[in-house]
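J.: Chain residues, written in single-letter form:
Protein chains: 2
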Amino acid sequence: MKGLRVRGKIWIEGPEGTFLGYGRMVLLERIREYGSISAAARSMNMSYKHAWDLVESMNRQAGKPLVETTVGGKGGGGARLTPEGEKWLALFRKLLKHLETFLEKETGLLPG
Amino acid sequence: MKGLRVRGKIWIEGPEGTFLGYGRMVLLERIREYGSISAAARSMNMSYKHAWDLVESMNRQAGKPLVETTVGGKGGGGARLTPEGEKWLALFRKLLKHLETFLEKETGLLPG
Chain F
1 MKGLRVRGKI WIEGPEGTFL GYGRMVLLER IREYGSISAA ARSMNMSYKH
51 AWDLVESMNR QAGKPLVETT VGGKGGGGAR LTPEGEKWLA LFRKLLKHLE
101 TFLEKETGLL PG
Chain Z
1 MKGLRVRGKI WIEGPEGTFL GYGRMVLLER IREYGSISAA ARSMNMSYKH
51 AWDLVESMNR QAGKPLVETT VGGKGGGGAR LTPEGEKWLA LFRKLLKHLE
101 TFLEKETGLL PG
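In order, the protein sequence lines correspond to chains F and Z. For what it's worth, UniProt numbering labels the leading residue of the first sequence as 1, then goes sequentially. For what it's worth, UniProt numbering labels the leading residue of the second sequence as 1, then goes sequentially.
None of these hints come from the bench; they were simulated from the model. Cβ coordinates follow ideal geometry from the N, Cα and C atoms, glycine included. Do not rely on the hints blindly, as some may be mistaken.
[Unchecked claim] If you want a taste of the chain F side facing chain Z, the calculated C-beta under 10 angstroms gives, among others:
(1) Arg7
(2) Gly8
(3) Ile12
(4) Thr18
(5) Phe19
(6) Leu20
(7) Val26
(8) Pro65
(9) Lys87
(10) Leu89
(11) Arg93
(12) Lys94
(13) Leu103
(14) Glu106
(15) Leu110
[As the list claims (entries may be wrong)] List time: in silico DMTMM-like cross-link candidates among lysine to aspartate or glutamate, alpha-carbon distance up to 25 angstroms:
(16) F:Lys97 with Z:Glu104
(17) Z:Lys97 with F:Glu13
(18) F:Lys105 with Z:Glu13
(19) Z:Lys9 with F:Glu100
(20) Z:Lys105 with F:Glu100
(21) Z:Lys97 with Z:Glu86
(22) F:Lys9 with Z:Glu16
(23) F:Lys97 with Z:Glu86
(24) F:Lys9 with Z:Glu68
(25) F:Lys105 with F:Glu16
(26) Z:Lys9 with F:Glu16
(27) F:Lys49 with F:Glu13
(28) F:Lys94 with Z:Glu13
(29) F:Lys9 with Z:Glu33
(30) Z:Lys9 with F:Glu29
(31) Z:Lys105 with F:Glu16
[Claimed, not checked] Anything over 10 angstroms on all C-beta distances counts as not near chain Z; from chain F, calculated:
(32) Gly14
(33) Thr69
(34) Thr70
(35) His98
All chains should be modelled from the sequences, with the hints used to inform the complete structure.
T.: Here it is, written out as structure tokens:
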């Protein structure tokens, strides 16, 4: 009975299924860090196509894009988070903090 | 943005990984209903071996058995929940209720 604890995960669901979850949060963070969807995908061992599909899914479901891409110019195209993307990232981090607090409280209900 | 909601799942983790989660809860409920591990497994499209492994994992990690089996006698062996099993079932249902409340509250934080 020793060492039992309550664990959990959360995600935000929209009309198409997952809108934002842990993996998508990391992808947004990496896009911000690298300024590029392909570099972000590579850093997560994710295919470019999969990363792109996730970004499109988020942009579509939010109504406003979370990620903007720029094409051409010196050094080719890039990607960056929009204010909408920053807002969702901050909100999801807040939900994860709340989840941590909730899980600790529930773990306290376990017999030990 | 319409129709977004926070969803989640929880489970209890012990020294061997999952101790009790949604599937194990249903298995315990079915064992109680059918009085038999094999009938419970069949009702969930689960192999007898898998069901047995899950029961063993719960019994081992709790220190006291959650499920007791009886062998022989008229009609062959059976299985039933122990008071320990009932206790864990009730506790996990309570955690799931708390999770529902938590998820509703967090959904209220989403822009809409």
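J.: What hint numbers does the structure not satisfy?
T.: 7, 8, 10, 11, 23, 24, 25, 29, 32 and 35
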